[in-house]
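Peer 1: Got chain C sorted already, so can you dock chain L onto it with the hints?
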Amino acid sequence: MILLKLISWPYARKHLLRATLTTVGIVLGVAVFVGIHLANGSVLAAFNRTVDRIAGKAQLQITAGEPGFDEEVLERVQALPEVGVAVPAIEAPVETGLKGQGNLLILGVDMTGDRSLRDYDLEGEGEQEEVVEDPLVFLAQPDSLIVTREFASRNGLRIDSRLSLGTMEGPRQFTVRGIMRSEGLGAAFGGNLAVMDIYAAQKVFGRGRRFDRIDVAAAEGVSIADCRRAIQAALGPGFQIEPPSSRGKQFESLLRVYSMLMNVNSLFALFIGVFLIYNSFAIAVTQRRPEIGILRALGATRGQIRALFLGEGALAGLFGSIAGVLAGIVMARVLAGYTTSVMQGVYGVSESAREIEASPGLIAAALAMGMAASLVGAFLPARNAARVDPVQALQKGKYQVLTAGENRARRIAAALLAAGALTPLLFTRSRPAFYMGYVMMALCALLLTPTLALWLARLFRPLLRWIRPVEGALAADSLLQAPRRTSATVAAVMLSLALVIGLAGLARAGYAAIQEWLDTTLNPDLYVSASSNLVTRSYHFPDSMTSELRALEGVEEIQRVRSSRILFRGGVVMLVSLEMESIARRTPRRRPVAGDLAAMHRLAAQGKAVIISESLAQLQNLRMGDILEVAAPRGLLRLPVAGILRDYSDQQGSIFLDRSVYLRWWNDSSADIFRIYLKPGVRAEDLKARILERFAGQRRLFVLLNHEVREYILRLTDQWFGMSYIQLAVAVLVAVLGIVNTLTVSIADRRRELGILRAVGGLAAQIRGTIWMEALAIGLISLALGLGLGAVNLLYDIEMARRDFAGMTLDYRYPFGMALALVPILLGAAWVSALAPAETAVRGSLTEALEYE
Amino acid sequence: MSNAPRYIRPPRLFLALLLALSAWAQDPRRIVEESQRRTRSGSQMYEGDLQVVDARRRVSQKRWRYRRMGSYGDSKALLRFTAPPDVKGVALLVVNHPDRASDQWMWTPAIGRDRRIALQDRSTRFFGTDFSFEDLEERDVDQFDFTLLGAETIDGALCWKIESRPRKKSQYTSSHLWIRQDNYVPARLDNFIKDEVVRRLFYRQVERIQEIWTARELDMTDLRRNSRTILRLEKVRYNVPLQEEEFTVQALRREQ
Chain C
32 MILLKLISWP YARKHLLRAT LTTVGIVLGV AVFVGIHLAN GSVLAAFNRT VDRIAGKAQL
92 QITAGEPGFD EEVLERVQAL PEVGVAVPAI EAPVETGLKG QGNLLILGVD MTGDRSLRDY
152 DLEGEGEQEE VVEDPLVFLA QPDSLIVTRE FASRNGLRID SRLSLGTMEG PRQFTVRGIM
212 RSEGLGAAFG GNLAVMDIYA AQKVFGRGRR FDRIDVAAAE GVSIADCRRA IQAALGPGFQ
272 IEPPSSRGKQ FESLLRVYSM LMNVNSLFAL FIGVFLIYNS FAIAVTQRRP EIGILRALGA
332 TRGQIRALFL GEGALAGLFG SIAGVLAGIV MARVLAGYTT SVMQGVYGVS ESAREIEASP
392 GLIAAALAMG MAASLVGAFL PARNAARVDP VQALQKGKYQ VLTAGENRAR RIAAALLAAG
452 ALTPLLFTRS RPAFYMGYVM MALCALLLTP TLALWLARLF RPLLRWIRPV EGALAADSLL
512 QAPRRTSATV AAVMLSLALV IGLAGLARAG YAAIQEWLDT TLNPDLYVSA SSNLVTRSYH
572 FPDSMTSELR ALEGVEEIQR VRSSRILFRG GVVMLVSLEM ESIARRTPRR RPVAGDLAAM
632 HRLAAQGKAV IISESLAQLQ NLRMGDILEV AAPRGLLRLP VAGILRDYSD QQGSIFLDRS
692 VYLRWWNDSS ADIFRIYLKP GVRAEDLKAR ILERFAGQRR LFVLLNHEVR EYILRLTDQW
752 FGMSYIQLAV AVLVAVLGIV NTLTVSIADR RRELGILRAV GGLAAQIRGT IWMEALAIGL
812 ISLALGLGLG AVNLLYDIEM ARRDFAGMTL DYRYPFGMAL ALVPILLGAA WVSALAPAET
872 AVRGSLTEAL EYE
Chain L
17 MSNAPRYIRP PRLFLALLLA LSAWAQDPRR IVEESQRRTR SGSQMYEGDL QVVDARRRVS
77 QKRWRYRRMG SYGDSKALLR FTAPPDVKGV ALLVVNHPDR ASDQWMWTPA IGRDRRIALQ
137 DRSTRFFGTD FSFEDLEERD VDQFDFTLLG AETIDGALCW KIESRPRKKS QYTSSHLWIR
197 QDNYVPARLD NFIKDEVVRR LFYRQVERIQ EIWTARELDM TDLRRNSRTI LRLEKVRYNV
257 PLQEEEFTVQ ALRREQ
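Line by line, the protein sequences give chains C and L.
So for the first sequence, my numbering puts the first residue at 32; every next one is plus one.
So for the second sequence, my numbering puts the first residue at 17; every next one is plus one.
What the hints contain is simulated information worked out from the structure, not anything from laboratory work.
Where a beta carbon is used, it is the ideal one built from N, C-alpha and C, also for glycine.
Don't take every hint at face value.
Stated by the list, open to error - Calculated Cβ distances over 10 angstroms to all of chain L for the following chain C residues: (1) G128; (2) Y558; (3) Q651.
Said to hold, decoys possible - Distance condition first, Cα-Cα at most 16 angstroms in a straight line; then the derived EDC-like pairs of lysine to aspartate or glutamate: (4) C:K234 - L:D130; (5) L:K185 - C:E251; (6) L:K184 - C:E251.
The shape of chain C in the complex, shown without the other chains:
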């Protein structure tokens, strides 16, 4: 403690800026970790509260995926003696058309029985006062709506106010016939919730005689488990009977990919943090070598010196982690926006976390993580400091040299690690082994960095000399004489560049794959969709609309598509019903991942098989011929996999089956999208106009041209891969910080040498040039290693995308464009980093520099 106060504190105070910058990596890593977990946790907590509010006293919910099920199921459930209350519900997000209000979640319920499960907490004077002024009118009039107090006050609504909502038949006027208090159910989705009669909702949203789910409370004296067993026995395996909280788990599984990606980013930032700490401490040990020598001469033990530096590391980690936690809380608010948008995509209505709630456990974990990273970074410099020989400390420059023995040991360890890294990539599907291999690959690269940096410095020496004969040679020699000094910076920059290359390569390959999918599969001339974004599935078209569309002039062929999310093996997947025969005819260029394209479509069209997306096959470990068991309201549908196709419509994977099978097992004839092919010579714009005119005022529909859909999908893809730009920024920041640190040490080490140069007539411009060249050399070496390691990293990233993220098999495409762009960016960053140290070298006191002489 005394050493920390007397030795460390004055040094830190003198180099406050560097000390602060050193902790940036820790701050970033901890901030991203805290931010993503807080954001996800808070939105999830808010969502779970909402689920609770909507579920009311329901102990179980009966569902059969998004398609819902026939009304008759309700009577079967209500007839069970184990069931106390069973009430149906429909949920549908609708556009309000009110500025800034977003979507409104319509909860369709049967008000005659529902109040025994849900507390509507209606506004009124007394406790028992009803403000659905007349429940009979509410039920009798299909335009009746109960809104929340919050929504009503935001929009100036009162009882009998009119509100326009998007329905299956286009915008329709609704009447506010009740106002809920902004508590309980009324607080769900931030007040953007309205209740209407379920039978009216069926009509308005084109749901036919179907319910989305049934909320159940067990009969008195019956346990929830018994109630659940009885319902499952009565309804069969086609239905999911789960507590309401399971909806939160489904949402969590949808966030999995995003959370994983963010966790990788957080680890990446921490990794960089470790290197910054290492780099900074290595500088500190270098600069304080005489001080350490004196301390050792005065009797300080090796342990005390080690403890001193580790203590400094722990303190830096603590401060960095605290700052990271604070930054993470701020970051969480931004990241919560993304989580919210995922929810918007899934549920149609966004649940924003009003309060970011940080749990003590999370904060403790973040602090521990930051401190551990910092200690890891400080470990080697601390060990080196402890080993300082007071005599060697006076031999300037000697300690930066790598011994031949050390080099050999590193190479052997690196070779072993490389073998360990390749094994899981080639021979096993085990997830832990794969990630272990990934870490081994990084460690191998780190161990080889000093040797490779040395080789490259030798290689670049002629080039540097050619550019500037004197300054170039001096700069190259400086690197050759002190590989240890440079290697930490090179390693940090190399790692960040490798990550950038990996992500950019992933983006490029993903982009190309999606482009191919768009070209071969999404080829209709027009799409008629019930939602503007082709994703929301609250509105469905009745089957009768097919003939109405077919009757329009210019239509050659129509394919009906019905997509819905269903539960499959505990996760959520997309079930897509298609007219297989027509699809096979229209998409002949598709490259199957497995199976014969014509045969798989023929079998699927005959109702004898299903086709699955590659992502589903990867994520669920499914192969050709495997029997898929899909829960449907009519029972357990068992069909073999006849083909595997690339499809990017859903990250969790898709099951494609023929429309006839879907009709038989789900008894649902509706469609979400009509894919329309035109007769030759017909302009898509003309047919679009005809469709809009034909259904104006009758149906809510959106007609999208092929290029509009393509643009929309590519825009979404861009957003998804936009994260690589953030990583690029971090990589540049790391490069700048690392190079500044390295050059500072270099100048400190070479003060005498630079002083002599100046004394013998070296010009300021030459000194400056030497430093710049050294920076550029570090930049070049880092670039060469980073771009090389990036090539290996991309291999792992592609494998990661295939195994864990999205089940996508992507072609290996090195991102040459990004690699080329990185050259000027990084060299520019290196030069900028050299500006201040170079000025320090030029303006430093000559007397001080030559003091030793």
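Peer 2: Coordinates of chain L only, in the frame set by chain C:
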């Protein structure tokens, strides 16, 4: 008694008979049973006028046509609203069973479909009135335990005051029922939750229609909500010929 002159002593047999008759008449279950027997008819029709006065003294009015076929425990009833316009045509079909809860369907013409009302909580208010669905059910005497509490006068008529306690699950803990001693017509009903009266019903304007004593006005007050519902029965007719087909879900949809 033993010192009384022999001539004023009632004959032993007569005394025994009187005691037996009195005991029979004082059996509260029998009183309720008799009350129900006297209002029994093969069918009933009336036009109802319903007035709900809420806590803020706002009045809403509705009219309906009512038809019933069969009697206690085994009847079918159809109620169709005729006014105001926004509920006109809404209809309710109730099929009562002797051994289980009634089946109910509702027809809402604006949506164009019928729905089954699965009444899982009988305490639910009947479409915004002060009657709960349970209040409108036919009461089977076997489902209650009765105690005679004494006699009281209601609107000038001497009544038996009987306490009933439900044997099955009910929203009410107990009820107090006043039955007129002169014609066995119910005069008042107080429903209790624990010791608190929560709903009070008065049977008024009692008239003899086709030999059946009929209360033409039912006045229900919800004492917790401080609201009141008055149902007036007009054009009451009993034992009119009605067809089974008139009490089906199809008929519910058909008739307007």
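Peer 1: None of the hints should be skipped; say for each whether it holds.
Peer 2: So, going through the hints one by one against the coordinates:
{"no.": "1", "hint": "G128", "in the structure": "holds, 23 angstroms"}
{"no.": "2", "hint": "Y558", "in the structure": "holds, 31 angstroms"}
{"no.": "3", "hint": "Q651", "in the structure": "holds, 39 angstroms"}
{"no.": "4", "hint": "C:K234 - L:D130", "in the structure": "holds, 13 angstroms"}
{"no.": "5", "hint": "L:K185 - C:E251", "in the structure": "holds, 11 angstroms"}
{"no.": "6", "hint": "L:K184 - C:E251", "in the structure": "holds, 13 angstroms"}
In summary, the structure agrees with every hint in the numbered list given earlier.
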